[in-house]
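Colleague: Residues per chain are reported as follows:
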Amino acid sequence: MTALPTQRLESWRYTDLRALGAMSFAEAPAAFPPPELPDIAAPRLVFVNGLFDAASSAALPFARAFLPVAEADELPLARINAEQARDGMTLEIPAGVDAGVVLLVCHASGGALHLRHRVTLGAGAALTLLEVVKGEGVYWHNPVTDIALGQGARLAHYRLQDESREAFHLATIRADVAADAAYESFTAVLGAKLSRAEFHVELSGPKAHTHLNAAQLLGDSQHGDFTSVVRHRAPDCGSRQTVKSVLSDAARGVFQGRIEVERVAQKTDGYQMSQALLLSPAAEMDIKPELRIFADDVKCSHGATIGALDEEQVFYLRSRGIPEEMARAMLVRAFLTEALEPVTHEEAHALFEAAIAAWWSGK
Amino acid sequence: MLEIKNLSARIGDKDILRGVTLSVPDGEIHAIMGPNGAGKSTLSYVLSGREGYEVTGGEVIYNGQDILALTPEARAAAGMFLAFQYPVELPGVGNANFLRTALNAVRRARGEAELDAVAFLKLARAALKNLSMQDDMLKRNVNVGFSGGEKKRNEVLQMALLQPGLAILDETDSGLDIDALKIVAEGVNALRSPAFSALVITHYQRLLDYIVPDKVHVLAAGRIVRSGGPELALELEAHGYAGLEVA
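For the protein sequence lines, the chains are A and B, in the order given. Numbering of the first sequence is given in this note's numbering, commencing with residue 16 and proceeding in unit increments. Numbering of the second sequence is given in this note's numbering, commencing with residue 20 and proceeding in unit increments.
Do not take every clue at face value.
As the list claims (entries may be wrong) - What follows is a set of in silico ranges between Cβ atoms, one per label pair, in the way DEER data are often shown: (1) B/Glu22 <-> A/Thr359: 34 to 44 Å; (2) A/Ala372 <-> B/Glu22: 36 to 46 Å; (3) B/Tyr229 <-> A/Glu340: 31 to 41 Å; (4) B/Ile30 <-> A/Glu339: 20 to 30 Å; (5) A/Asp325 <-> B/Arg211: 31 to 41 Å; (6) B/Val137 <-> A/Glu340: 19 to 29 Å; (7) B/Asn82 <-> A/Glu340: 25 to 35 Å; (8) A/Asp284 <-> B/Lys33: 29 to 39 Å; (9) B/Val107 <-> A/Ser236: 30 to 40 Å.
As the list claims (entries may be wrong) - Which stretches of chain A does chain B cover? Using the computed rule of at least three CB atoms under 8 Å from a CB of chain B, they are: (10) 131–138; (11) 344–350.
Honestly, the hints are just simulated from the structure, not real lab data. Idealized CB from N, CA, C, for every residue including glycine.
Throw the hints in and build the complete structure from the sequences for me.
Modeller: Structure below.
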């Protein structure tokens with residue numbers, strides 16, 4: 016097996032996988048109670064402990080059989096995934112088809128799970144993919160999702176990472192976005208003892224667009240790493256990233272975001288913002304924004320803030336009769352608003368609202 | 020009835036209030052005037068329970084209850100309302116959501132039924148109309164991008180909805196042009212009733228042309244140095260605050 020990356024690699028400087036490396040994972044239990052599914056009326060594909068669960072899933076005309084993986088990339092986790100992957104979702108949406116909403120549910124209770132998902136949208140196709148990952152106990156979830164969007168296609172990709180608090184979650188998402196196509200994504204990071212969501216988005220045709228937003232809500236000694244690389248490889252492309260982290264107790268958040276603009280990618284419009292709210296003195300946030308620009312007519316901006324809740328705002332709400340806990344919850348929710356912007360689907364939005372509210376009340 | 024008895028307070032080791040004594044009977048509006056640094060804003064913050072102010076002596080009784088022991092939200096539920104000199108901006112919090120959450124929190128604490136979205140909107144729209152405010156004020160984020168006048172009107176809107184028994188207006192006239200001032204004053208006057216009282220804190224006499232007080236008190240160096248009828252405000256306007264500390 017390919018070795019796990021170490022902190023000597025610049026891209027892994029802030030996330031230490033030694034605890035994961037020291038573990039050995041038994042085979043995942045085969046028998047497992049059916050996972051709790053979100054109450055959204057949409058076709059669903061369910062994976063339990065790394066394997067497709069046909070009984071919990073609905074037949075989907077666009078789903079294809081799993082094919083073995085050839086991995087060309089150097090990314091260590093993608094290589095490990097390729098070596099181990101036995102299953103995963105394969106969706107192919109034909110050109111011009113609006114496939115509506117598809118629910119992807121991955122449930123785990125043990126083992127090392129290397130799912131390989133593939134999503135292909137033909138020219139002008141559209142899909143809203145709502146991905147929910149959750150589980151119980153100790154396991155390692157190492158999914159790789161490869162996305163290819165044809166010209167003018169639109170994929171809304173919403174991810175709710177609500178893994179077991181004892182689990183490791185390391186997700187790699189790669190998207191190739193053709194001309195006039197859009198990859199709109201939002202990730203809510205709530206679970207796992209240690210997690211990383213690593214995005215690689217290639218804007219490979221003119222006027223391709225991406226939104227890579229996230230909200231990390233972490234407590235105890237959770238570690239959440241959001242890493243992104245957006246490559247502008249054609250003119251007139253846009254990328255927007257808003258990553259908000261709310262950290263309590265001794266939680267630690269990481270944001271690494273890199274925007275690369277190639278020489279041909281004139282009129283690039285890139286925006287990146289990372290903001291963290293520290294709710295406790297022991298919480299920590301590490302932010303590393305990077306811009307690599309080789310074109311001369313571009314607009315790229317980035318910003319980072321780290322702060323606490325504004326006590327002036329808390330007092331204003333309380334002076335209007337709103338109890339202190341509720342006032343703080345309202346301000347935390349307000350802080351997350353911009354990150355949730357790409358979530359235009361109503362039921363998905365409600366699912367995230369409920370997850371955020373549950374996180375706050377269980378904190 | 021609000022009774023402030025020999026109230027002293029400080030910030031850090033700086034004494035700001037040095038024994039303020041004052042009572043506002045139900046149905047009356049009292050003005051507190053005074054030079055800059057007299058302790059006017061400190062008095063409003065101590066009354067509403069803001070952190071950072073240490074009460075070193077005295078008591079504040081509202082409707083028979085010692086309110087200094089209460090949280091800010093419990094004071095609001097008891098019927099107190101502070102109109103801020105500088106209303107706070109809340110990016111990401113919609114005004115309608117804010118107003119409804121506040122109203123329902125207060126109603127819950129008072130043992131009244133909560134309002135659903137429809138009933139709230141009806142009430143809010145009527146209150147907006149009375150204050151010559153546009154309906155879109157409800158859709159905007161609380162005070163974000165509001166002009167000075169809009170912020171003050173938004174304070175009065177909150178007051179109109181929460182129906183306090185005691186309003187404390189902290190320099191509500193600052194930054195207002197004459198038209199906005201009239202609207203704000205009308206909003207306060209509309210609440211006048213035997214069950215409503217107000218403490219109007221102001222540096223200038225101008226606001227008192229529109230909200231006519233029953234009594235005027237002069238706060239200087241942390242104490243009430245003079246009290247009188249509305250004519251006292253005119254006298255101060257003519258002669259200034261000079262010499263009042265020794266009066």
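Colleague: All the hints need checking, so say for each whether the structure fits it.
Modeller: Status of each hint after checking the structure:
1. B/Glu22 <-> A/Thr359: 34 to 44 Å: Given about 55 Å between the Cβ atoms, the range is violated.
2. A/Ala372 <-> B/Glu22: 36 to 46 Å: With Cβ atoms ~42 Å apart, the hint holds.
3. B/Tyr229 <-> A/Glu340: 31 to 41 Å: With Cβ atoms ~39 Å apart, the hint holds.
4. B/Ile30 <-> A/Glu339: 20 to 30 Å: Holds, since B/Ile30 and A/Glu339 (Cβ atoms, about 21 Å apart) stay within the stated range.
5. A/Asp325 <-> B/Arg211: 31 to 41 Å: 34 Å, holds
6. B/Val137 <-> A/Glu340: 19 to 29 Å: 27 Å, holds
7. B/Asn82 <-> A/Glu340: 25 to 35 Å: Check passed, 26 Å falls within 25 to 35 Å.
8. A/Asp284 <-> B/Lys33: 29 to 39 Å: 51 Å, violated
9. B/Val107 <-> A/Ser236: 30 to 40 Å: This hint holds: roughly 34 Å between Cβ atoms.
10. 131–138: The restraint on the segment 131–138 of chain A is violated, since only 0 of its residues have a Cβ under 8 Å from chain B and three are required.
11. 344–350: holds (count 5)
The structure fails to meet hints 1, 8 and 10 from the earlier list, while all remaining hints are met.
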